[in-house]
Amino acid sequence: MILKGFVLPGLPQPLLTPDAHPGYRKLRSAFDQVKAEIESLKPDVLLIYSTMWPSVLGHQVQARSVCEWVHVDEEFHELGSIPYRFEMDSALAKKITEAGTERGLHMKLVDYHGFPIDTGSVTALKLINPGQKIPAVIFSSNVYADRAETVVLAKAAADGLRAQNKKAVAIIVSTLSNRLFSHGIDPKKDPTSEHIHSLKDQEWNQKILEFLGKGRLEDVAQLSRQIQREARVRKVNNFKPFWWLSTVMGPHNRYQGSILAYESICGTGCAVVGLEPAEFAARDLEFDEDSPDVFTGERNVLEDVSHLGGMSSQTVHPGIHPGFEDGDGPEQ
Amino acid sequence: MKNGSGTGKIVAGCLAPHPPHLVYAENPPQNEPKAECGWETLRWAYQDLQKSLSEKDYDVLIVLSPHWRTYVGTHILGIPEAKSLSVDPVFPHLFRFHYDLKVDVELAEMIHAEAQSDNLEVQMMRNPDFRIDYGTIVSCHMSNPAWDKPIISLSSNAATAYFNVDVMQEQMISLGKATRRAVEKSGRKAVLLASNSLSHRHFTKEPSLPEDMSAEHIYNHSQYLWDMKVIEMMKKGQTRQLMELMPDFTEQAVSETDSGALTWMLSALDFPTKPAKVYGYGTVIGTGNVVAEWSAL
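Protein chains in written order, with numbering that gives the first Met the number 0: chain A, 0 to 331; chain B, 0 to 296.
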């Protein structure tokens with residue numbers, strides 16, 4: 000069961016230099032609010048899907064019971080080091096990995112001393128769970144994965160919670176627009192140097208926040224592909240975190256959204272948002288994307304796929320009128 | 000090693016890809032996981048490169064690594080020594096390497112100064128807790144497993160993702176020139192390592208035994224054709240033509256040349272026209288990798 004969902008940015012400034020800019024302080028205050036809310040909710044576990052932990056080999060799940068290291072961000076190393084000691088819910092991580100495997104995903108447990116937990120997860124766990132009273136499970140974001148895999152991954156997480164009868168807070172670590180300035184800024188000396196990178200990014204961030212503020216989580220999820228095109232530097236295949244969050248929480252718009260902060264960090268759009276299950280939907284729309292229960296692998300669209308079944312969202316003969324045999328063309 | 004005499008030289012530039020699988024299969028004492036075998040053609044290629052470099056008189060390895068990814072310009076390792084455990088975030092079951100290395104900070108600062116004078120965005124990395132990325136470590140280890148030379152590591156900035164390959168090329172050509180000037184002013188003899196694969200589409204699954212070579216092959220034929228085209232150009236000394244082809248190659252082969260490592264290295268060598276010595280080609284989890292050397296002697 001998911002008690003509440005949160006969207007958190009992963010850049011380290013609110014943790015390391017909250018007073019370098021008024022916006023960082025506002026974000027830090029919002030993190031503090033999230034911390035207080037989580038303490039009052041008393042979840043068994045924090046589920047974190049981090050866009051800042053890229054994976055290639057399927058989906059990795061952090062399962063080491065105690066993770067201890069001194070982390071330094073590869074970009075913002077001058078801001079300082081981050082010593083941490085985190086506790087993970089190893090039993091749940093294993094259960095989710097089993098569930099994901101049963102659902103056709105390539106899943107890998109991560110249980111190694113010194114594994115580099117990403118800056119986003121480190122920042123989130125340090126700020127919202129400072130005493131590490133609540134164990135966590137962290138999910139990687141596969142660079143090649145698209146919607147189907149991500150939806151199935153979230154369903155595997157829900158399987159694990161059900162199997163172990165655990166209450167969770169679900170968190171995605173992600174910026175909205177992710178374009179950093181490609182030059183250094185000094186927001187302490189010149190506060191005006193810190194702002195959203197472009198008006199286009201700003202407008203897209205505001206649109207996303209307008210939806211989230213009204214609790215329209217599934218609407219944002221359905222916009223993910225367009226957000227990827229319009230407001231994201233395309234470092235990975237797609238913009239996936241809202242697919243994961245909407246699936247693990249429930250793919251609909253029945254939420255109470257609260258925007259706790261929205262500021263820029265080095266040009267990126269950073270928002271702290273809460274989403275609480277509600278009685279009524281903000282809007283009741285029809286969604287046209289399927290909700291796969293299992294991942295059956297990538298489809299090779301260059302080969303004859305007429306022997307395949309169960310493809311609910313695409314014809315096996317794209318662009319060709321139905322009813323023709325293989326090899327026949329449409330009427331001229 | 001000379002300091003600031005102005006007679007420095009880049010003695011070789013190498014394409015030295017960094018799949019952690021190669022270190023895993025080598026079974027050095029520094030790496031925790033142990034392998035039965037694997038990726039021999041590439042490892043033999045690296046052995047030939049090691050032999051060639053061992054016959055050269057050089058002071059420092061300078062590596063540009065795609066796995067130290069920065070977005071605000073190029074960062075340069077600026078701590079005198081580093082000792083820690085590097086765990087690959089993608090292949091942690093294969094690479095957990097205990098490193099202990101020295102850095103030529105003086106030359107690193109000279110590269111920084113030369114790059115700044117060309118208006119490039121550069122920054123020194125001074126945090127002593129910083130963990131060295133596995134790309135840097137793999138390329139350096141496979142080129143010089145004795146670790147008896149200091150290194151300099153340069154980050155890869157994301158100009159390809161943020162803008163396009165042309166912008167990346169322009170920046171990396173400038174950075175290459177700045178590196179060359181710094182080496183010449185320093186009096187050092189340097190070997191440059193471009194730590195990137197060619198085609199770079201991975202399989203998203205691996206066999207239960209990672210070194211099971213019956214499962215290893217190129218991801219698809221088009222990647223292979225692109226890799227062979229690029230290698231052919233290297234063998235003919237057509238490095239300037241390769242630069243012109245780089246945008247198409249990078250996009251269509253999903254190449255790790257997007258990191259700028261190869262462009263930086265060839266620019267630092269002033270785009271050599273003599274053929275590269277190609278030591279070997281092999282695939283690692285579907286990606287195409289070549290070990291090659293341009294000797295400047």
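Hints were generated in silico from the structure; no laboratory data involved. It is possible that some hints are incorrect.
Straight-line Cα separation of at most 30 Å, DSS-like style, residue types lysine-lysine; simulated pairs [as the list claims (entries may be wrong)]: (1) B/K273 to B/K204; (2) A/K125 to B/K50; (3) B/K276 to B/K184; (4) A/K93 to A/K206; (5) B/K204 to B/K184; (6) B/K204 to B/K148; (7) B/K176 to A/K93; (8) B/K204 to B/K235; (9) B/K8 to A/K234; (10) B/K204 to A/K93; (11) A/K234 to B/K184; (12) A/K41 to A/K93; (13) B/K50 to B/K228; (14) B/K228 to B/K148; (15) B/K101 to B/K276; (16) B/K228 to B/K184; (17) B/K50 to B/K204; (18) A/K234 to B/K273.
Sample of chain A residues facing chain B (criterion: CB under 10 Å; computed from the structure) [as the list claims (entries may be wrong)]: (19) W68; (20) L208; (21) A280; (22) L284.
Backbone N, C-alpha and C fix where the C-beta goes; we use that ideal spot for every residue, glycine too.
ask   = Of the hints given before, which are not true for this structure?
value = 1, 2, 4, 5, 6, 7, 8, 9, 11, 14, 16, 17, 18, 20, 21 and 22
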